[in-house]
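Asks: In case you want the letters, here they are:
Protein chains: 4
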Amino acid sequence: MIIILKPGVSEAQALELVGKIEATGLKPLYMPGVERTVLGAIGDERVLQGLHLDSDPRVDEIKPILSKYKLVSRELNPVDSHVMLGKHAVGGDRFTVIAGPCGVESRDQLLGVAEMVKGQGVAALRGGAFKPRTSPYSFQGLGEEGLKLLKEANQLTGLPTVSEVVDAADAELMANYVDCLQIGARNMQNFRLLEAVGRLGLPVLLKRGMSATLEELLLAAEYIVNAGNNQVILCERGIRTFETATRNTLDLNAVAYLKRKTHLPVLVDPSHGTGVRELIAPLSYASAAVGADGIIVEAHLNPCEALSDGHQALDADQFAGLMAGLRPFVEAAGKQL
Amino acid sequence: MIIILKPGVSEAQALELVGKIEATGLKPLYMPGVERTVLGAIGDERVLQGLHLDSDPRVDEIKPILSKYKLVSRELNPVDSHVMLGKHAVGGDRFTVIAGPCGVESRDQLLGVAEMVKGQGVAALRGGAFKPRTSPYSFQGLGEEGLKLLKEANQLTGLPTVSEVVDAADAELMANYVDCLQIGARNMQNFRLLEAVGRLGLPVLLKRGMSATLEELLLAAEYIVNAGNNQVILCERGIRTFETATRNTLDLNAVAYLKRKTHLPVLVDPSHGTGVRELIAPLSYASAAVGADGIIVEAHLNPCEALSDGHQALDADQFAGLMAGLRPFVEAAGKQL
Amino acid sequence: MIIILKPGVSEAQALELVGKIEATGLKPLYMPGVERTVLGAIGDERVLQGLHLDSDPRVDEIKPILSKYKLVSRELNPVDSHVMLGKHAVGGDRFTVIAGPCGVESRDQLLGVAEMVKGQGVAALRGGAFKPRTSPYSFQGLGEEGLKLLKEANQLTGLPTVSEVVDAADAELMANYVDCLQIGARNMQNFRLLEAVGRLGLPVLLKRGMSATLEELLLAAEYIVNAGNNQVILCERGIRTFETATRNTLDLNAVAYLKRKTHLPVLVDPSHGTGVRELIAPLSYASAAVGADGIIVEAHLNPCEALSDGHQALDADQFAGLMAGLRPFVEAAGKQL
Amino acid sequence: MIIILKPGVSEAQALELVGKIEATGLKPLYMPGVERTVLGAIGDERVLQGLHLDSDPRVDEIKPILSKYKLVSRELNPVDSHVMLGKHAVGGDRFTVIAGPCGVESRDQLLGVAEMVKGQGVAALRGGAFKPRTSPYSFQGLGEEGLKLLKEANQLTGLPTVSEVVDAADAELMANYVDCLQIGARNMQNFRLLEAVGRLGLPVLLKRGMSATLEELLLAAEYIVNAGNNQVILCERGIRTFETATRNTLDLNAVAYLKRKTHLPVLVDPSHGTGVRELIAPLSYASAAVGADGIIVEAHLNPCEALSDGHQALDADQFAGLMAGLRPFVEAAGKQL
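Those protein sequence lines, which keep their order, are chains D, X, S and P.
Once you know that position 333 of the first sequence is 333 in UniProt numbering, the rest is easy, because the numbers rise by one and skip nothing.
Once you know that position 301 of the second sequence is 301 in UniProt numbering, the rest is easy, because the numbers rise by one and skip nothing.
Once you know that position 187 of the third sequence is 187 in UniProt numbering, the rest is easy, because the numbers rise by one and skip nothing.
Once you know that position 78 of the fourth sequence is 78 in UniProt numbering, the rest is easy, because the numbers rise by one and skip nothing.
No wet-lab data here; the hints were simulated from the structure.
Backbone N, C-alpha and C define an ideal beta-carbon position, used for all residues, glycine too.
Be careful, since some hints might not be right.
Unchecked claim - Okay, the calculated beta carbon distance ranges per label pair:
(1) D:Glu152 x X:Glu61: 36 to 44 Å
(2) P:Glu11 x S:Ala169: 51 to 59 Å
(3) S:Lys70 x X:Leu15: 27 to 35 Å
As the list claims (entries may be wrong) - No farther apart than 27 Å at their CA atoms in a straight line, the calculated lysine-lysine pairs in the DSSO-like style are these:
(4) S:Lys63 x S:Lys6
(5) P:Lys261 x P:Lys63
(6) D:Lys68 x P:Lys63
(7) S:Lys63 x X:Lys27
(8) P:Lys151 x P:Lys118
(9) P:Lys151 x X:Lys335
(10) P:Lys6 x D:Lys68
(11) P:Lys261 x P:Lys68
(12) X:Lys63 x S:Lys87
(13) S:Lys261 x X:Lys261
(14) D:Lys6 x P:Lys68
(15) D:Lys68 x D:Lys27
(16) P:Lys261 x P:Lys118
Whole structure, please, built from the sequences with the hints as guidance.
Replies: Okay, structure coming up:
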């Protein structure tokens, strides 16, 4: 850690801080400069928390050197992790497609979509039973009834299922019905929820918050792994920027960056990442090319009647087109669908 | 609601949509244009949800005319609401100062700060018992022990207390100990939590999410009021932008805008909004000038030893300076401390 | 255009506005509603500018329906445009690679890079003679001396050249030396410069401003075409967001969106778009997959000694690796290098 | 400067870099760590540019310690600068109000507004003769004819005038007619223009770019001062964020921050900073409270007929109301109008 002192801090004051750093067991460094004095502390920077350096009046700025996450870091664990969705391994040389409706709306709707996407060779079925909606007047999901339908769809098609958990109190209940718990963008820093899914051991699909930095995403994953669950898949789903032509700005830099920083698999959600049906296919191809481990896409037999986000759902023909169009890019990336 | 159709949609297709709008009971409008046809629907736009217009392939774009929030809107209820913190009314011609430590750390720490800020005439005491922290390795709060200390501080000083609730499951427990529940920025769209505090009836201090639009903030408040609790205070605490010189960008446009759009009181948090101790006082003065109903500020007897956010906490002298400096601006705004 | 009136505007006031719209020759619409009255105006919305509706006290909001750009719009001109760099056509089924150093530093440096990238089969050579730099103390480019070196490199290698113009006064001078004028991100709304290159007729590579919306980018292109020059190539080069892990956030949504909205070719600059050498190749592949017409990349024989932006330049081996890695993605996209 | 090396860099490689730093005349520091080696360099960091450390393959990250601007820094020059607009000094204990129309439209319009704002006691008159407009189809200003009208207004009222310069080639011409040259947000990094106004010596009002960091704003000012002109006034005019309720997000943190970092005067433009007429007054009051040296506001005798930005212009009554409302806040800030 580098500690930059304010102008005018005396040598005696600086050396007192050096002594404090030394007392934590870290190796201190003292660098008196012409305009400023700079201190260093070498070793595990977490032990410095007790010194409260960031609130010390002598300190102008603190620059950490080491990353704050450890368990999810590729430096610690250079080999790619695999996360199991049923018998399907996410990561490595597989390109995983997860598809299904935004929300579970009815038995017919869910089973119809499930058969359709299974026919296209997807690895898992998505569908929300608990829907976080911006307005209290929008469709909020079927709740446990939706979970039962997901279980039935799983039994009929064999597809493992992914569904969003919105409250720590629901996590155990959901584990009875689905194969993977999704943490949505709005809950990426719901730390109680992260800990709850961390204790469960079920695979977790962790979506990036709409204004979360990549470091914050990795620290949210660290919460889950630190609570005992290393079955974590990260998901880039677009960030909020000034641009309004698309619903979000899909950040594919993030995918390439994450693949270098962490051993966890990284998916992309082009449905939320664009919010525009016509843009889903090209951004899916780009996701394969940039090195993502897969995509999660919204599909619906009748998008016009979807109770939520129908404008970004693909119908059967569009979904078949996506899968066909995707294949050459997945192969160019050296992976297989 | 204005519905812009895609180029090339035929008259017959457009008139079919007109028929659907009419069937909802709203008054339809049909505006064939040179390049595009535009439809209108007049009345309560919520009834249009069943038509799924946003996913209709004939529809290019939808532009709502009416605001999506009703209960919190000043159009519906033009008179300023007051929210009671103990016997102190937030809103109207009072300028409310809430102060205290970021986190409750110990009995001595909390009672010391409580006495200090009471001596300066604040309206309420803040202090976190459950701390949402970006890293799992940071101080996470004292939990229920912290709540008991807040209760004790309340009994000793008479100051009503404000503390953050981070999970719906905690809401009832917290209601036994504190006078106002804070919803933090990271939980502004934790809808389960919004509903839980909505059912309780205790005053709620709702902070704006770090990338939440003002419409989303008002809809989050609508969740709480719609669940039965109209004791809601809004709080601007800075948004996330590209600028890194300050921790967040405090958006005082938001305060002036909210005061025109809603009858709810609006506070400002200059501690999180700047993240820089030296900037807290000037931004507090600006908050009074822009028309805010008060501020919530972090104070600590020994900021250098604070377990969280010490760099943005004021010590006793700085806090006294803030209160003295604030007075003329509050008076210029026609309010009283 | 849709004109939403404020609550409380009387019928007489609304009808007076209707009369004004009619007087412009557009077809007016009058839609009295329960809470608000809405007006419409059908036809070329540019004629409404004379009414100053946006500053009318009766008007709450204006929602344009038609795009503000015409000449660059795909609605008007559905066929892909080609822009000629020397004998190389940008657009259509070609994937164009433009490469070279950030800045022209010396004869040896430029000619060395030119030979290297030519050997890899690029379509054109880039190199800055006038460098816009954030700090007045940074290297500012060689000026006309640099242009002469670009001309020499062109004569020796046959590669057409691209170089940034930073001031309208330089445009004619530069046209003597280079084959394509680049407008940098900081100058995307330097309208005097846009008009100057519009009058020249030389191909223009127009980069998106770092916080420009796609509509603003298209309107900037409209300036150039409106001044008489339809040889315009657009370039996505990353936007400024809250994320600091990468220098900018490369917006590949933008590429897919632009390809649908305009007939102009669209390139991507992954060097500036990421600012991180290791991320250039994966984002180049993603650019090909998303449908871009090419990329512009920084290359240098000795990036460690580059006078600007060396951290994002590829050396000869890295550049060869990029070209080899790119090929299968370009082919998957149905294009050829 | 702190230089963090990549993991795995050997001692020999690190020491070679240490030798290079030493050779520049700076004092090097060598800090081998458990996971990373960190180097330091003490002294004027500008001399390190020749080492190209940011593109060195051994280097992971560089963290500058000293600010990159010198001439505009308060560390170098702790006393507030004053900038003269005619006989009016901007800065110190004066709160400067500059007002006038967005664009000069006609003799009657300009002289009418000039008399009106003079009657309200403003310090200077603003008005654009060259208007940078997003669309080529919008009103572009009267050009030199507008400058002549500004000169006439100055002679009739005695008010010094401020007008925007959009191209380096215009700077000398404009100096014949106006008292202060404004650099608009879109040109904040038009470095050729910065140098041109730097050579002239006329006062410059430099507006922050819509996505410029405060460091970039200060470096843009440094360009002007470095070119020989220290008569620079900074102006916060709102930044571009995700929020669309207001045209821009006025960043008053910036004002408080700038007042601590630079000796230059800082104004606020609440007209562009909000884009909403009703919000101009409260944000003007907040500007006074936060410590700004003044405001620049758009006023028009008939905003409904303004050729640009009428929706954010104040009419005579509104402007009188603003000036009356402003006074108590200016006094509370210890300044005078």
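Asks: Next step is simple, just say for each hint if it's right about the structure.
Replies: Right, here's what the structure says about each hint:
1. D:Glu152 x X:Glu61: 36 to 44 Å: Holds, at about 37 Å.
2. P:Glu11 x S:Ala169: 51 to 59 Å: At roughly 53 Å between Cβ atoms, S:Ala169 and P:Glu11 fall inside 51 to 59 Å, so the hint holds.
3. S:Lys70 x X:Leu15: 27 to 35 Å: For S:Lys70 and X:Leu15 the Cβ distance comes to about 29 Å; the hint holds.
4. S:Lys63 x S:Lys6: holds, 14 Å
5. P:Lys261 x P:Lys63: holds, 19 Å
6. D:Lys68 x P:Lys63: holds, 18 Å
7. S:Lys63 x X:Lys27: holds, 20 Å
8. P:Lys151 x P:Lys118: Judged against 27 Å, a Cα distance of about 15 Å means the pair holds.
9. P:Lys151 x X:Lys335: violated, 44 Å
10. P:Lys6 x D:Lys68: holds, 16 Å
11. P:Lys261 x P:Lys68: holds, 12 Å
12. X:Lys63 x S:Lys87: With a Cα-Cα distance of about 46 Å, the restraint between X:Lys63 and S:Lys87 is violated, given a limit of 27 Å.
13. S:Lys261 x X:Lys261: Violated, because 36 Å separates the two Cα atoms, which is more than 27 Å.
14. D:Lys6 x P:Lys68: holds, 16 Å
15. D:Lys68 x D:Lys27: holds, 19 Å
16. P:Lys261 x P:Lys118: violated, 33 Å
When the structure is compared with the earlier hints, violations turn up for hints 9, 12, 13, 16 and for no others.
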